[in-house]
Amino acid sequence: QVQLVESGGGLVKPGGSLRLSCEASGFTFSDYYMTWIRQAPGMGLEWVAYIGSGRRFIKYADSVQGRVTISRDDAKNSLYLEMNTLRAEDTALYYCGRVDRDRDSGYYVDTWGQGILVTVSS
Amino acid sequence: DIQMTQFPSSVSASVGDRVTITCRASQDISQGMTNWLAWYQQRPGKAPKLLIYGASSLESGVSSRFSGSGSGTEFTLTINSLQPEDFATYYCQQANSFLPLAFGGGTKVEMK
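Protein chains in written order, with the working numbering: chain A, 1 to 122; chain B, 123 to 234.
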């Protein structure tokens, strides 16, 4: 079945770095745009970044622009999020998501991982 | 940047009730007959689940109690005959690829 599994979260000090991974299975990973979405404790959903199939399109939210890098390795069916200069406000559950663009060219997240917690604290 | 505003932020309802949630975009997210708006359901401790895409198309496997409508900048999600499993938080999301993706602040449907 279609599945996304995140890893790499944890506790990091302000100013530190972390790399999140998301391993995909059950579908042709290289065919899909992929995205990261986060949710701070008790808060709503915030889109972070997405990457196109073949890495042709990459876009970031203003709140993380310049501090995070989204990438993918289609040979490993894996998505990554490199986060630098982390701040307390980056503390959140980070979800990996599959973007389905085949319906009406809109960007719909039809599959989500279970989420991985990132805590930024001294 | 585009802003998505949902209201109400919470609603108390009983099993069997009809619930309507509104989502307003700060700019037009439609083009012709295409409305790039999605609705998600998030139960406590779970990942969000896609319910509706294209403002009114039901995702496969989703109950027909859920329906969506709207165009341009104003959209609604209606839940008919609320069931116990529908008590959750609902988010709208603008899906226009020419704009940054953005979610509404969420609407929590609570038991009265």
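Read the hints as simulated data drawn from the structure, not as lab findings.
Where a beta carbon is used, it is the ideal one built from N, C-alpha and C, also for glycine.
Warning: the hint list may mix true and false statements.
Below, a list of computed lysine to any residue pairs in the SDA-like style, where the Cα atoms sit at most 25 Å apart [claimed, not checked]:
{"hint": "1", "chain 1": "B", "residue 1": "230", "chain 2": "B", "residue 2": "183"}
{"hint": "2", "chain 1": "A", "residue 1": "59", "chain 2": "B", "residue 2": "132"}
{"hint": "3", "chain 1": "B", "residue 1": "168", "chain 2": "A", "residue 2": "46"}
{"hint": "4", "chain 1": "A", "residue 1": "76", "chain 2": "A", "residue 2": "19"}
{"hint": "5", "chain 1": "B", "residue 1": "168", "chain 2": "A", "residue 2": "44"}
{"hint": "6", "chain 1": "B", "residue 1": "230", "chain 2": "A", "residue 2": "117"}
{"hint": "7", "chain 1": "B", "residue 1": "168", "chain 2": "A", "residue 2": "66"}
{"hint": "8", "chain 1": "A", "residue 1": "59", "chain 2": "B", "residue 2": "222"}
{"hint": "9", "chain 1": "B", "residue 1": "168", "chain 2": "B", "residue 2": "178"}
{"hint": "10", "chain 1": "B", "residue 1": "168", "chain 2": "B", "residue 2": "185"}
{"hint": "11", "chain 1": "B", "residue 1": "171", "chain 2": "A", "residue 2": "122"}
To list a few chain B residues with every Cβ distance to chain A over 10 Å, as calculated [stated by the list, open to error]:
{"hint": "12", "residue": "133"}
{"hint": "13", "residue": "136"}
{"hint": "14", "residue": "141"}
{"hint": "15", "residue": "193"}
{"hint": "16", "residue": "206"}
{"hint": "17", "residue": "209"}
{"hint": "18", "residue": "218"}
{"hint": "19", "residue": "234"}
Outcome of the hint check:
1. B/230 - B/183: Between residue 230 of chain B and residue 183 of chain B the Cα gap is close to 22 Å, so the pair holds against 25 Å.
2. A/59 - B/132: Violated. Residue 59 of chain A to residue 132 of chain B sits at ~31 Å, over the 25 Å cutoff.
3. B/168 - A/46: With Cα atoms ~16 Å apart, residue 168 of chain B and residue 46 of chain A stay inside 25 Å; holds.
4. A/76 - A/19: With Cα atoms ~16 Å apart, residue 76 of chain A and residue 19 of chain A stay inside 25 Å; holds.
5. B/168 - A/44: Holds, because 13 Å separates the two Cα atoms, which is no more than 25 Å.
6. B/230 - A/117: holds, 22 Å
7. B/168 - A/66: violated, 30 Å
8. A/59 - B/222: It holds: about 8 Å lies between the C-alpha atoms, which stays within 25 Å.
9. B/168 - B/178: With a Cα-Cα distance of about 24 Å, the restraint between residue 168 of chain B and residue 178 of chain B holds, given a limit of 25 Å.
10. B/168 - B/185: Holds, because 18 Å separates the two Cα atoms, which is no more than 25 Å.
11. B/171 - A/122: Between residue 171 of chain B and residue 122 of chain A the Cα gap is close to 34 Å, so the pair fails against 25 Å, i.e. violated.
12. 133: Non-interface label on residue 133 of chain B holds, nearest chain A Cβ at 16 Å vs cutoff 10 Å.
13. 136: holds, 25 Å
14. 141: At roughly 18 Å from the nearest Cβ of chain A, residue 141 of chain B sits farther out than 10 Å, so the non-interface label holds.
15. 193: holds, 13 Å
16. 206: Residue 206 of chain B is indeed farther than 10 Å from all Cβ atoms of chain A, at 23 Å.
17. 209: Correct as stated: the minimum Cβ-Cβ distance to chain A is 17 Å, above 10 Å.
18. 218: violated, 7 Å
19. 234: holds, 22 Å
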